[in-house]
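Participant: Given next are the chains, with one letter for each unit.
2 protein chains.
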Amino acid sequence: MASTVKKAKKSAEALVDESEALELVDGCQNAIDALNEQASEEILKVEQKYNELRKPHYQRRNEYIKRVSNFWIVAIMNHPQISCILEQEEEDCLQYLEKLEVDEFEDIKSGYRILFHFEENPFFDNTVLTKEFKLGSNGESPSSTSTTIKWKPDHDLTKMLPKKMDSNRRKRGLENRTFFDWFTDNNDPINDDIAELIKDDLWPNPLQYYLVPDIEVEPEDDEDGEGGEEFGEEGDEEEVDEVEEEEEKA
Amino acid sequence: MASTVKKAKKSAEALVDESEALELVDGCQNAIDALNEQASEEILKVEQKYNELRKPHYQRRNEYIKRVSNFWIVAIMNHPQISCILEQEEEDCLQYLEKLEVDEFEDIKSGYRILFHFEENPFFDNTVLTKEFKLGSNGESPSSTSTTIKWKPDHDLTKMLPKKMDSNRRKRGLENRTFFDWFTDNNDPINDDIAELIKDDLWPNPLQYYLVPDIEVEPEDDEDGEGGEEFGEEGDEEEVDEVEEEEEKA
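Taken in order, these protein sequences are the chains called F and H.
Residue 198 in UniProt numbering is what sits at position 198 of the first sequence, and the numbering runs on without skipping anything.
Residue 75 in UniProt numbering is what sits at position 75 of the second sequence, and the numbering runs on without skipping anything.
Same shape as in the complex, but just chain F:
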């Protein structure tokens, strides 16, 4: 009996100590949490600063890109994931895309918008189609909205295109979406993989996709193979070759 009591008492003491220790652990966690929050704030400030510093370069880039016909549709068509949602008729439509912009909100945390600037075209009357994401800090849930497209008569691509489900799309988890399905669909803004690919991959460096050689179109120019470094470390040999080909034709 005595030993049982002793054991119970020891266990009780141990539990008091453990309980105290857990409160101290919790205190450490609070201190760590506070530091994490400070770190996030400082990192946000760095990101905001560089967002501002990058802006003029992106603006200049937009002006240069305008001088290259079909730049954006070529880059989009060469993008391994984004190209998957493009139907033929949508490619025809995106030939009129003259400027793409990704505009992060001043505070970054709260959202961004993707702007598609179009030339006059046979499909719709809008000159800018915007898809905007609010990331929903402060307890709001994330949401997205997109410009209502003013389709010209008999040109509504969201109605004209068959809802296909080919094996290639299914494999990539993109199911039966088309480009304008994606643009108009705001049901699941958190999992908008296409928007994220545009913001984080296409927009930061579209040149790498534009320069992917389109082998099917110009197979006769495949012979010349002199390398070069005109396009910096980002451009591999094949990319540079294609630009040289264009220069030679010029």
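In case anyone wonders, no lab produced these hints; they're calculated from the structure.
One copy or two, it doesn't matter: identical chains are merged, so the pair holds either way.
Mimicking DSSO-like on lysine-lysine, the simulated pairs with C-alpha atoms at most 30 Å apart in a straight line are:
#1 199 - 152
#2 66 - 134
#3 199 - 150
#4 55 - 199
#5 109 - 45
#6 199 - 109
#7 45 - 55
#8 109 - 49
Guided by the hints, dock chain H onto chain F, whose structure is given.
Facilitator: Frame of chain F; chain H shown alone:
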């Protein structure tokens, strides 16, 4: 004929201009890349600073945690993903785990190590088992290494345990790994999901897992329901209840 020639000439001029424009776009990309690199450097400095500031709190936390018997094994067993790889015999072994540490390398970018400190135990002679990840900047490929475990005779858990594949594991993509399979396997360091869960989830806040109430063990204590805020915003009512139960028993 004249119109063909004119068209060709125009196209040639256009190509010269496009080629120039692409070089200018590339110049913008290089400027953007340089800014990205500067931003990464600044963010790394912030992270390094806060890593240092967090260290003393983690060290204090380790000391407090030592006063709570079975803290780490309970937290691990309550972790939804990490618990999935634990075999019964491994749970017995991890009862002797008295300290867990995650140690990020000074420059963060290059890697981290997870240290498991053990009391004297019937399974192996080591006092520390370390699994270390080199993330492979500067062109090196990522790699991991782990301490060779000096198993005591007839206690090598990597040989004793049956290679099972139950449906629960298969669902989570963890297949037929056990804890020591994970520890000793360094074949695919890039996809080491368990190491990442330890580093980015268990280590930053193990208390949330330790405090998950273990309903099966003490069903008779379920009645008392007074809330409390001793464990701050992190602890929900159920968690606080459990600590109170321990205090009441004390």
